[in-house]
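Engineer: Residue numbers (this note's numbering), protein chains in the order written: chain G, 232 to 751; chain Y, 4 to 308.
One or more of the hints may lead you astray.
[Said to hold, decoys possible] The calculated label-pair distances, taken between Cβ atoms and stated as ranges, are:
id	chain 1	residue 1	chain 2	residue 2	range
1	Y	Gly-170	G	Lys-430	16 to 24 Å
2	Y	Pro-62	G	Lys-644	23 to 31 Å
3	Y	Gln-66	G	Lys-430	48 to 56 Å
4	Y	Gly-170	G	Asp-345	52 to 60 Å
5	Y	Met-144	G	Lys-751	34 to 42 Å
6	Y	Glu-48	G	Gly-459	34 to 42 Å
7	Y	Tyr-72	G	Ala-531	47 to 55 Å
Hints were generated in silico from the structure; no laboratory data involved. Backbone N, C-alpha and C define an ideal beta-carbon position, used for all residues, glycine too.
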Amino acid sequence: MKRWYVQGFAVIIAVMLVVTGCGNAAETTNETQTNGGTASAPAGGDKTTLTIANATDIESFDTHNNNNTMSEAVLVNVFDYLLKNDAEQNKVPVLATSWEQVNDTTWRLKLRDDVKFHNGDPFTAADVKFSLERVAKDSTLKQNTYYKHIKEVNIIDDYTVDIVTETPDPIMLNRLSRMGAGILPSKYIEENGIEAFLKAPVGTGPYKFSKWTKDDRIELVKNADYFGGTPKWENVVFRSIPEASTRVSELLTGGVDIAAGVPSTDIARIDGVDGLSVEQAKIQRVLHIIMRMTEGSITADPKVREAIELAIDNQVIIDSIAGGAGIPTRTSVTPGNFGSDPSLYDTFVYDQERARALLKEAGYENGAKVSFSSAVQYKEVAEVVAAMLTDVGFEVNLEILEASSFSEKLNSKKFNELFLLGVGNSLFDASNNYNRFKKENAAGETDYNNPEVEELLQSALQNMDLADREKQYQKVQQQFTVDRPTIYLYQMKGIYGIGAGIGYTPRLDEMYYAEDITLK
Amino acid sequence: MGKYIVKSLLQMVPVLFLISAIVFVLVHVTGDPVNLMLPETATEEDRAVLSKALGLDRPLYIQFGLFLYNAVQGDFGHSFHYGQSALPLVLERLPASFQLAGAGMLIATLLAIPLGIISALKRNTYLDLFISGLSALGKGMPNFWTGIMLILLFSVILGIFPVSGKGGPEHLVLPAITLGAGIAAQMTRLIRASMLEILNQEYIRTARSKGLLETIVIFKHALRNGLIPVVTIMGLQFTSLIGGTLVTETVFSWPGLGQLLVSAVNTHDMSIVQAAVFVIAIIVLAVNLLTDIVYRYLDPRIKYS
């Protein structure tokens, strides 16, 4: 008899445990509620709420300490830059009203005098100094590498600043209009500390922070005092939905208005529904196959590298793996970036016969052994490339790695002959595309060393004659089609599912400016 | 009794120390977070600077000493990824994890007990075969597939439940079914086996021969004994579900501990991994201790020393 009670009691305890779990959850969910914003109604009702679904959550609300486009895509609604890119990559004023170059190392910017942070603090030159010097001086911040050459920011008056760099910087305006250049509230952070700021972030943007439930959603509310006029939406919600088919299901049921990263296999599912649409838009990411030119490796032979490029049919990869969402290219400096060479864009070279002949000439008629590494993210692309290389006589040792072990090997430069890498460019400038091919950085990875290219790259970094600088980068691109320390597969496109009644044109930089998203 | 609790609590200290040490070493030898934190264009020098700033250039034993010193004060360090203290980041996930695990267990229990009993009573009938088949199916269906199918049916086609995310109780239904189905399958088979064994016991025959109603025989005499292994399984399952429901969390975008822990492992966010494992370890130890105490309290024949 006694044992019954034991069991009975144990069951009750178990049930109580469950109930307490649920109860606690309702009471103690850690939600930081600030700025008077209330939680939003679900999308699809009165349509004052815009809901956007991404595959990942943001890293943090520290725009200086993120290193991922999806984070910044959210943060641009809360924080403002001094200037920003419009949809055509023209620089347009935001917090700055005008800018001029005083000398090679100094930019002078005039600031708006009618801007308030969400907590009511006025925006002044002190905030610009604080923000830019923070990202420039604190080497633990992930964006520091793009800003560390900023020597100081001088306050000329409350609404004028001078940005002084160590060396001439032809692309200062590009830096000021990208992630890492968001303007933070100096007084608020100095008084409360950065950790408090991260829990209750305050910016100048059109939307105010309301709530962040990590790995679930970020809720923003309209900033009625926005200097650019009353914002369009009452609430903007960013959902984090890692599973692609769940994102699509949310779109189909009206749970979200925009779903990013729609798999090409789901396009038909969305297109078949009245009112819903699919948009494909170019993004700033180009797939590279990077080749080791180290003495003694098989890819040190230019004929082998040429054979590799000729063996690959870029269009087939785009059509079969990416569902058509890509544009073949022979350069990573795609249109919209400073220094691009249009003659190398939307084209590729493919000639299997020539590839076979080149391998033979190089002395590898009995098979050329190469190893080829890829992160699991691009597994299918890598497999097709490997098959194409095998077709012309390569023996490919394909290595597919988890994201973190791939990064590990990438950064310790341990790849053998070939590896596949998707490279983004948030700077919209060719300099960013060639960092890894400068002699200093290439050592141990590609071991690429062409003194002529090196000189062009070094000179272009500080060349303030923009027309000449553009030519320098175009020369580099042409030379790369001969030297081939890397070849390119295609510029990727983002695939977005767009809900009924929503007007949205995806941007090249993948930012979601909620103010540019409309109700049709 | 008091002595026993104190002793058990003291025993937790070396266990937690050992777990921390193992996790610390594993996290530190499997990769360098600096590589994953910096942009693709970062130079060797950038990496060295960041590594030094984060204290990762110091010898491992010094880092471990510092970690222990801070950990005993409740400070597991800063998350590299979120730039915030690690422990609160972990603790704020617990409610969601408890909710999901609790609801999953509840559904599993509600399904498994009747199905298991019916299956045992009607053994070797078509009904039994059907239930056995059902539980084989439940065990065989991977969570991600069940989840996606449930979303398609109940959210997209029927429009009854929300697709994903955390919100009201209606948000909990589909993930809980997804999670519960697999556990229910396992429990059903367990209850069936255990009931079959008990139904053959002499005291059941005695009860029947006394002329007791069949319902009393089943529910009063057989079931309560038959639930012993179920309770054991429930306890084990519940603790393993805290932090162990990644697939379901991913499909339903449920912000539980599993997502946090796995993304922390992927980004080598050491302090989060350490804090999360520490918290999970404490929960497991606490639940075990609680079970022990309850058993002892209720059944004096059980002696602990």
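Engineer: Which of the stated hints cannot be reconciled with the structure, identified by number in ascending sequence?
Structural biologist: Structure breaks hints 3 and 4.
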